[in-house]
Structures are given as structure tokens and as C-alpha cells.
Amino acid sequence: MSGHDHEHGHGHLDDPAHPHNAPLSEVQLRVRALESLLTEKGLVDPAALNELIDTYETKVGPRNGAKVVARAWADPEFKRRLIENATEAIAEMGFIGRQGEDMVVLENTPTVHNLVVCTLCSCYPWPVLGLPPVWYKSAPYRSRAVRDPRGVLQEFGVELPEHVEVRVWDSTAELRYLVLPERPPGTEGMDEEELAALVTRDAMIGTAKVQAPERPAARAEAAR
Amino acid sequence: MNGVHDMGGRPGFGPVVREENEPVFHAKWERRAFALTLAMGAWRRWNLDVARAWRERMPPADYLRASYYERWLWALERLLVEKGFVMLAELDRRPDRPDRRRVRPGRVGGRVDQPTGGEGPDAGIRRNATLYHMIYCT
Chain A
1 MSGHDHEHGH
11 GHLDDPAHPH
21 NAPLSEVQLR
31 VRALESLLTE
41 KGLVDPAALN
51 ELIDTYETKV
61 GPRNGAKVVA
71 RAWADPEFKR
81 RLIENATEAI
91 AEMGFIGRQG
101 EDMVVLENTP
111 TVHNLVVCTL
121 CSCYPWPVLG
131 LPPVWYKSAP
141 YRSRAVRDPR
151 GVLQEFGVEL
161 PEHVEVRVWD
171 STAELRYLVL
181 PERPPGTEGM
191 DEEELAALVT
201 RDAMIGTAKV
211 QAPERPAARA
221 EAAR
Chain B
1 MNGVHDMGGR
11 PGFGPVVREE
21 NEPVFHAKWE
31 RRAFALTLAM
41 GAWRRWNLDV
51 ARAWRERMPP
61 ADYLRASYYE
71 RWLWALERLL
81 VEKGFVMLAE
91 LDRRPDRPDR
101 RRVRPGRVGG
111 RVDQPTGGEG
121 PDAGIRRNAT
131 LYHMIYCT
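Line order of the protein sequences matches chains A and B.
The opening position of the first sequence corresponds to residue 1 in this note's numbering, with each subsequent residue numbered one higher.
The opening position of the second sequence corresponds to residue 1 in this note's numbering, with each subsequent residue numbered one higher.
Calculated directly from the structure, the hints in this document are not laboratory data.
Okay, derived cross-link-like pairs now, DMTMM-like style, lysine to aspartate or glutamate, Cα gap no bigger than 25 Å in a straight line:
id, chain 1, residue 1, chain 2, residue 2
1, A, Lys41, B, Glu90
2, A, Lys41, B, Asp92
3, A, Lys209, B, Glu22
4, A, Lys137, B, Glu56
5, A, Lys41, B, Glu77
6, A, Lys67, A, Glu174
7, A, Lys137, B, Asp49
8, B, Lys83, A, Glu40
9, A, Lys137, B, Glu22
10, A, Lys137, B, Glu19
Assemble the whole structure, with the sequences as input and the hints as a guide.
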């Protein structure tokens, strides 16, 4: 991925007082021109744009998905509903919205490991995982996840025994997947909140496994 | 439709490169391009498939070179013109928009001898041809 101009948080577009005098790149100018044009026409409201950005930077993200996973681990009845109709079960928890209209949950087991990709673009379950990371949208991941999934998993540090079947799921604009990772050993006494803290974004894409807590008894004890 | 975006199984792209503690956006303009796309999508003049189809129409070499939100911006500009929200001339004549016809260091080729519209009875036709060229061929 080229073309990232790292501004390191200077944000001189919205901070004219900032002493940073670097000329704006063409893409920065195009976006600024477009926003001012659409604002003048009354087609967008900059405050609403700020709210959209804030929503996806701070409110919608993989912590939502981690709560879904933790509940599925803690509540067999919820897990049954989640596998049966993921969209409805996830909506029960209030995680609804764009790019999550049709959800499917894929359960990892000791013999099956699921991996999610979008070979065509960047389809991803926004309400539970937020916006996808750059690597998920990148050519190497999109091309290789379906051709060499075990090789890709190794690059992510996941070594699967030969007998484990790898299933790769290619997302579409209509259907998006969430991996339900295996609950690690040593988490028996944990409540949903403690469990959710163990679940990573990559584990819900299938490029990681959930790691067992280092000192399970001590952590569970400390949290009480 | 087959195209460069259809990447499943294609060899040669190398290893997956990850960024630790990756931010949601990597630049201020990415935030704005993202939010503008969603806000304009809310007018429901196009759906997700139409937006994706435009991103997939980016010329293959440009598509591979572009970052993710550069593709979004490229598609949004064209969607806005196609659906009549803005005229191409408005996009192109903003004072704060770089003049793409100006010869710049490193970009000396290909821009100097484009038709510019000019005066006369067929000026409008020529100008439209220029605009068409600029939006579809640049």
C-alpha cells in the first residue's frame, strides 16, 4: 500500500494555527475541495462527518465482537442462537448497522480452523469488528488467503497441526463472517468481561488463536 | 466482472505486511474521504454495489498503486458527477484544487496539449470532451 502520507497527528487541515507549513498533497487538496463544495451545496454537514468519524474511531470496533464471543463462550443458549442466526443474535446485543446486515458466525473447533478474507475488496463485519486493518485490504492477503492459507497463517504466527482442516471464507457485500475462536484452557472461572478481554481482532478474522491467560487463577482472583 | 480487483489466488504480491497498533485511519484526509463517502451514500442515490463497481473501474495500474481510501475518493468523485450531485467543472475549478493542466516538474508529459475548450460555436462540445477526458482518462 503506497500513498499513505503519515501526518503524525499534525492535522494541519483543521488547524490553521499549526506552524507546520508543509504543502498539502494533491489528495489532501482534492478531499478538502470536495468537502467544501458539498458543504456549500448543503449536501453534507461537517458536524455529521465528525460524528461518523468518531463513531468508527472510538465506538464501533473489535471490542464489540469480543463481547459477542465472550457471551457465546459463557452462555451455551446464546451460542446456539449465534450459530443458527448470527445477525439476530448479534442484534440482541445492540450491534447492528452498516455492513453487518447479514452475518454468519464460523465456529473454530479442535479439528476446524476458519479464516475470513474478501478477495474482491474489503468486505468485513463493521458492527462487530469496526473498519478493517490495511493488511486485510491489501493485495498480498486478498490473493494468498485462498491460495496458501497455511502459509499466511504461519506469517501470523499460527501453526496448525496437519489434521486441522482450514476453511477459507470469501466475504461478499451481502454476507460477512465472524470467527468464533476456541475458548482457551485456564479460563474456566472467568466472567464475560474477563473473557472478552482475551479476544483479539485477529482471532475473530481467523489469523490468530485466542491465547490462554498467563496466570489464569491469579488473574481471575485479582479481578474479583 | 473480472479485473485487477479480483485478487483471489493471484501470485506475486509477496508477504502480508502488518502494522502493530494500527490506527483506524492513517491521515486526516482518509477520515474525511471515508465520512464524505458514507454521508453522500446516505442520499441513497447509489448502493454499495454501485460504489464498489466504480472503485473496480479504476485503471488497473492506478488501482494497484492507490491506497484504499485513494480508491474511495476516486470513485466518490465519479459517483457524484454521474448522479448529478456536482458538475465536473465544479470539481475541477475549485480554487483550492490543484490545476491538473499546469505542467509540473516530473509531470511534464501528456498534459500540455490537451484541448482547453476555448471560444466559438463548438466550444461547449470541446469543453465536454475535455472534461470527459479528464474524468475518465486521468
